[in-house]
Amino acid sequence: MPKRGGFQKRSKASEEIPSSSLADIAFLLLIFFMVTTVFPNDKPRQIDWVKAQAAEKISEKQKDILNIWMQKDGTVYINDQEVAMADVHQVVAPLYARTNRALVISIRGDRDVPYHYMDAVQKQLVEAGVVRVVFAAQLERQMQRERR
Amino acid sequence: MAVLDQKKTKVSDEIPTSSMADIAFLLLIFFLTTTVFPKDKGLAIVLPEEGVTAQVSQKNIMHIIVRPNCNVEVKRGEATNVQTLRAADVQGVWRQAAADNPNLIAAVKTDPNAPYRCMVDVLDALHLAKADKISLQMLEN
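In the order they appear, the protein sequences are chains A and B. According to this note's numbering, the stretch in the first sequence is residues 1 to 148, in order. According to this note's numbering, the stretch in the second sequence is residues 1 to 141, in order.
To be clear, the hints were calculated from the coordinates, so they are not data collected in a lab. There's no promise every hint is true.
As the list claims (entries may be wrong) - When the alpha-carbon atoms are kept at most 25 Å apart in a straight line, the in silico BS3-like pairs for lysine-lysine are as follows: (1) A/63 <-> A/123; (2) A/72 <-> A/51; (3) B/10 <-> A/123; (4) B/39 <-> B/130; (5) A/51 <-> B/39; (6) B/39 <-> A/63; (7) A/63 <-> B/41; (8) B/130 <-> A/12; (9) B/41 <-> A/57; (10) B/59 <-> A/51; (11) A/57 <-> B/130; (12) B/133 <-> A/51; (13) A/43 <-> B/41; (14) B/41 <-> A/123; (15) B/10 <-> A/51; (16) B/109 <-> B/130; (17) A/43 <-> B/39; (18) B/41 <-> A/61; (19) B/75 <-> A/57; (20) A/43 <-> A/57; (21) B/109 <-> B/41; (22) B/41 <-> A/72; (23) A/72 <-> B/39; (24) A/123 <-> B/133; (25) A/72 <-> B/130; (26) B/10 <-> A/57; (27) B/109 <-> A/61.
All figures in this text were calculated on a predicted structure; none of them were measured in a lab.
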């Protein structure tokens with residue numbers, strides 16, 4: 001039998017893209033994103049938030065924000081650890097240096113904490129060389145204020 | 001017609017898997033778009049650097065004193081008369097004063113025993129009034 005020319009030989013590979021594994025790919029992506037999504041690591045403390053109408057979003061990345069929690073009795077928590085007021089600058093300064101001075105401190109204070117604690121924290125932050133500070137607050141709408 | 005119950009059903013007994021990919025991608029896209037990271041909100045201020053003190057002329061200062069009962073006393077630098085008002089009223093006062101003197105600095109002095117929210121209310125009012133030069137201090141007796 002004479003050999004035929006190679007051109008007419010049909011390819012055995014299917015012309016269609018195999019779609020049977022598409023579901024697996026999609027679920028893999030789904031699971032990948034679910035696993036790699038990182039939520040902020042320090043767990044929220046029990047505080048009553050202050051409210052402010054002018055509160056603006058902090059545009060910094062989550063990793064450049066350091067939360068300083070302050071409870072009603074004046075105890076300070078940084079990264080889930082209680083820190084004595086006098087030691088705040090020792091804790092903050094190395095963190096601040098590590099982020100190339102890009103760190104933004106978010107002070108999350110209870111609405112009823114006496115102001116002298118706040119003043120002490122600010123003095124500690126000045127000592128640590130921190131410049132940018134945000135008083136974290138919940139956004140308050142005009143209507144809520146008028147009702148109060 | 002007599003053997004109706006022997007008629008084979010035409011419905012396949014397998015679960016159709018051809019649309020599984022679509023379902024998975026839908027879920028993927030749904031979660032991608034609905035994941036909202038809680039963005040922190042707050043009132044931003046800039047702290048002074050250590051050891052830097054600026055001498056400011058008294059006429060460029062508005063003293064805002066926050067009392068423990070959340071009353072606010074406003075005193076213009078050289079003037080001696082004191083206005084007592086609520087925190088929300090600071091906004092209007094500041095707007096008027098800043099229109100007269102663009103170099104005005106707000107010196108917020110808070111009583112050591114005043115709750116934090118009183119100071120934030122004043123700071124909020126100042127932010128709403130577009131004040132940018134704000135100094136936070138503790139009231140010393």
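Against the structure, the hints:
1. A/63 <-> A/123: Roughly 23 Å between the alpha carbons, so the hint for residue 63 of chain A and residue 123 of chain A holds.
2. A/72 <-> A/51: holds, 16 Å
3. B/10 <-> A/123: Between residue 10 of chain B and residue 123 of chain A the Cα gap is close to 79 Å, so the pair fails against 25 Å, i.e. violated.
4. B/39 <-> B/130: holds, 22 Å
5. A/51 <-> B/39: holds, 15 Å
6. B/39 <-> A/63: holds, 12 Å
7. A/63 <-> B/41: OK: residue 63 of chain A and residue 41 of chain B at ~15 Å, within 25 Å.
8. B/130 <-> A/12: violated, 73 Å
9. B/41 <-> A/57: With Cα atoms ~4 Å apart, residue 41 of chain B and residue 57 of chain A stay inside 25 Å; holds.
10. B/59 <-> A/51: Given pair residue 59 of chain B, residue 51 of chain A is violated - Cα atoms ~32 Å apart, limit 25 Å.
11. A/57 <-> B/130: holds, 16 Å
12. B/133 <-> A/51: Satisfied, since the Cα-Cα distance of roughly 21 Å is no more than 25 Å.
13. A/43 <-> B/41: holds, 17 Å
14. B/41 <-> A/123: With a Cα-Cα distance of about 22 Å, the restraint between residue 41 of chain B and residue 123 of chain A holds, given a limit of 25 Å.
15. B/10 <-> A/51: violated, 64 Å
16. B/109 <-> B/130: Given pair residue 109 of chain B, residue 130 of chain B holds - Cα atoms ~19 Å apart, limit 25 Å.
17. A/43 <-> B/39: holds, 15 Å
18. B/41 <-> A/61: Status holds; Cα separation ~13 Å.
19. B/75 <-> A/57: violated, 32 Å
20. A/43 <-> A/57: holds, 20 Å
21. B/109 <-> B/41: Given pair residue 109 of chain B, residue 41 of chain B holds - Cα atoms ~24 Å apart, limit 25 Å.
22. B/41 <-> A/72: holds, 20 Å
23. A/72 <-> B/39: holds, 24 Å
24. A/123 <-> B/133: Holds: residue 123 of chain A and residue 133 of chain B sit about 18 Å apart, inside 25 Å.
25. A/72 <-> B/130: violated, 30 Å
26. B/10 <-> A/57: Not OK: residue 10 of chain B and residue 57 of chain A at ~59 Å, beyond 25 Å, violated.
27. B/109 <-> A/61: With a Cα-Cα distance of about 32 Å, the restraint between residue 109 of chain B and residue 61 of chain A is violated, given a limit of 25 Å.
In summary, the numbered hints that this structure violates are 3, 8, 10, 15, 19, 25, 26, 27.
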